[in-house]
Amino acid sequence: MIPQYEEKYVFAIWSCYAITAAVLLLFLAYTLWRAARVRRELEQLDGQRRRAPAKPAREAPQ
Amino acid sequence: MWSFANPNKFMRVSGKVLPYTAVLAVLLFAAGLYQAIYVVPPERVQGDSARIIFVHVPAAALSIMIYLAMCISSLVALIWRHPVADLSAKAAAPVGASFTALALVTGALWGYPTWGTWWVWDARLTSELILFFFYIGYIALWDAFDDESKAAPAAAIFCLVGSVFAVLAKYSVELWETLHQPPSLTIGGEENVHDVYHIPLLMMMAAFWLYFVTLWLVRVRMEIRSRRIRAIRLAAARE
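As they're listed, the protein sequences go chains A and B. So the first sequence is numbered by my numbering: it starts at 45 and just counts up by one. So the second sequence is numbered by my numbering: it starts at 10 and just counts up by one.
Mixed in with the good hints, there may be bad ones.
Interface residues of chain B toward chain A, partial, derived using beta-carbon atoms under 7 Å [stated by the list, open to error]:
{"hint": "1", "residue": "Pro122"}
{"hint": "2", "residue": "Val222"}
{"hint": "3", "residue": "Leu224"}
{"hint": "4", "residue": "Val227"}
{"hint": "5", "residue": "Ile233"}
{"hint": "6", "residue": "Ser235"}
{"hint": "7", "residue": "Arg237"}
{"hint": "8", "residue": "Ile241"}
{"hint": "9", "residue": "Leu243"}
Pairwise CB distance ranges, derived in the manner of DEER restraints [what the hints assert, rightly or not]:
{"hint": "10", "chain 1": "A", "residue 1": "Leu69", "chain 2": "B", "residue 2": "Thr126", "range": "22 to 32 Å"}
{"hint": "11", "chain 1": "B", "residue 1": "Gly24", "chain 2": "A", "residue 2": "Trp77", "range": "34 to 44 Å"}
{"hint": "12", "chain 1": "A", "residue 1": "Leu89", "chain 2": "B", "residue 2": "Glu186", "range": "50 to 60 Å"}
{"hint": "13", "chain 1": "B", "residue 1": "Ala153", "chain 2": "A", "residue 2": "Ala62", "range": "32 to 42 Å"}
{"hint": "14", "chain 1": "B", "residue 1": "Tyr43", "chain 2": "A", "residue 2": "Ala66", "range": "13 to 23 Å"}
{"hint": "15", "chain 1": "B", "residue 1": "Ile166", "chain 2": "A", "residue 2": "Glu50", "range": "43 to 53 Å"}
{"hint": "16", "chain 1": "A", "residue 1": "Tyr74", "chain 2": "B", "residue 2": "Pro92", "range": "50 to 60 Å"}
{"hint": "17", "chain 1": "A", "residue 1": "Phe55", "chain 2": "B", "residue 2": "Val32", "range": "26 to 36 Å"}
{"hint": "18", "chain 1": "A", "residue 1": "Glu50", "chain 2": "B", "residue 2": "Gln190", "range": "43 to 53 Å"}
{"hint": "19", "chain 1": "B", "residue 1": "His203", "chain 2": "A", "residue 2": "Ala66", "range": "25 to 35 Å"}
{"hint": "20", "chain 1": "A", "residue 1": "Tyr74", "chain 2": "B", "residue 2": "Glu186", "range": "13 to 23 Å"}
{"hint": "21", "chain 1": "A", "residue 1": "Glu51", "chain 2": "B", "residue 2": "Val170", "range": "39 to 49 Å"}
{"hint": "22", "chain 1": "B", "residue 1": "Ala163", "chain 2": "A", "residue 2": "Ala96", "range": "32 to 42 Å"}
Because the hints were derived from the structure by calculation, they are not lab data. Idealized CB from N, CA, C, for every residue including glycine.
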């Protein structure tokens with residue numbers, strides 16, 4: 045159900061709401077996508093570090 | 010606040026808070042938009058165009074508030090070397106920039122049918138535009154340095170310089186005679202909107218604020234993880 049507004053204001057009202065919704069939703073989607081990518085990258089690096097063979101500890105100087 | 014200087018503690022607490030802010034933001038957006046689109050009557054002078062207030066005012070108010078919050082974070086980072094403070098300001102900047110852009114665009118779209126022009130160089134509009142440039146400059150400054158430890162103080166000082174325009178954007182309509190109307194919402198002062206508009210406007214303000222908090226938490230968490238990735242890579246390169 046689309047409400048009926050005064051003809052001369054229709055473009056301004058709907059463009060404001062459409063632009064705001066588009067910006068907020070796209071920005072949210074982009075941020076979540078980037079955050080998920082960074083999280084996966086960190087998990088991969090942590091996994092690689094855990095799988096890597098432990099290096100022998102250096103001997104303390106006498 | 011100082012306990013959150015520990016990134017691990019910040020990650021733990023923010024992980025618990027995030028779902029609540031996200032759900033509350035969605036609920037408030039739904040309730041506020043329903044009121045704004047279907048319930049509130051046309052305004053006496055501006056008619057239906059006054060419905061734009063529900064997206065324009067929250068975006069404009071938050072564009073100023075976020076910048077001032079970034080200034081406080083920058084000051085804390087500069088003085089006390091709080092390890093999350095500079096990331097906090099960095100994470101808030103793109104959200105603040107998008108709100109400022111929204112305030113400028115929705116303001117122009119509202120201005121044309123009511124003022125008869127998309128743009129005038131009055132104090133409120135001009136200071137808001139300069140604030141937008143400061144947001145862009147701040148984001149660009151972080152990206153301009155390879156070394157984060159050099160980028161952080163430079164960006165913090167730049168942010169503090171821009172605070173003049175955030176304050177100017179806030180008080181310009183009170184200091185000068187402008188085409189722009191006086192503030193719609195004031196704390197403890199006279200309200201310039203009718204009660205019918207007041208509650209939905211507060212709902213939309215809260216929704217925008219919670220949207221910002223949600224995104225800010227996600228972005229600070231992302232920045233903390235990015236910093237860990239850089240530290241791991243640096244350690245691997247040294248071995």
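Range agreement (Cβ of A/Trp77 with Cβ of B/Gly24, hint 34 to 44 Å): violated, 19 Å
Per the hint of 43 to 53 Å, is the separation of the Cβ atoms of B/Ile166 and A/Glu50 within bounds? holds, 49 Å
Taking 50 to 60 Å as the stated bounds, is the beta-carbon spacing between A/Tyr74 and B/Pro92 within them? 26 Å Cβ-Cβ, so the 50 to 60 Å window is violated.
Under 7 Å, Cβ to Cβ, is where B/Ile241 needs to be relative to chain A, so tell me if that hint holds or is violated. This hint holds: B/Ile241 lies near chain A, its Cβ roughly 5 Å from the closest one there, short of 7 Å.
Hint check, B/Ser235 versus chain A [nearest Cβ-Cβ separation less than 7 Å]: holds, 6 Å
Closer than 7 Å between Cβ atoms is the bar; does B/Val227 clear it against chain A? Give me holds or violated. holds, 5 Å
Against chain A, run the beta carbon of B/Leu243 and see if the smallest gap drops under 7 Å. violated, 12 Å
Should the hint that A/Phe55 and B/Val32 are 26 to 36 Å apart at their CB atoms be regarded as holding? Taking Cβ atoms as reference, A/Phe55 and B/Val32 lie about 33 Å apart, which means the hint holds.
Distance restraint evaluation - A/Glu51, B/Val170, Cβ atoms, bounds 39 to 49 Å: holds, 46 Å
Double-check B/Arg237 for me: the hint is only fine if its C-beta lies closer than 7 Å to a C-beta in chain A. Status holds, d = 6 Å.
Lying within 13 to 23 Å: is that true of the beta-carbon distance B/Tyr43 to A/Ala66? holds, 19 Å
Given a hint of 43 to 53 Å, does the C-beta separation of A/Glu50 and B/Gln190 actually sit inside it? violated, 20 Å
Going through the hint list in order, the structure does not satisfy hints 2, 5, 9, 11, 16, 18 and 20.
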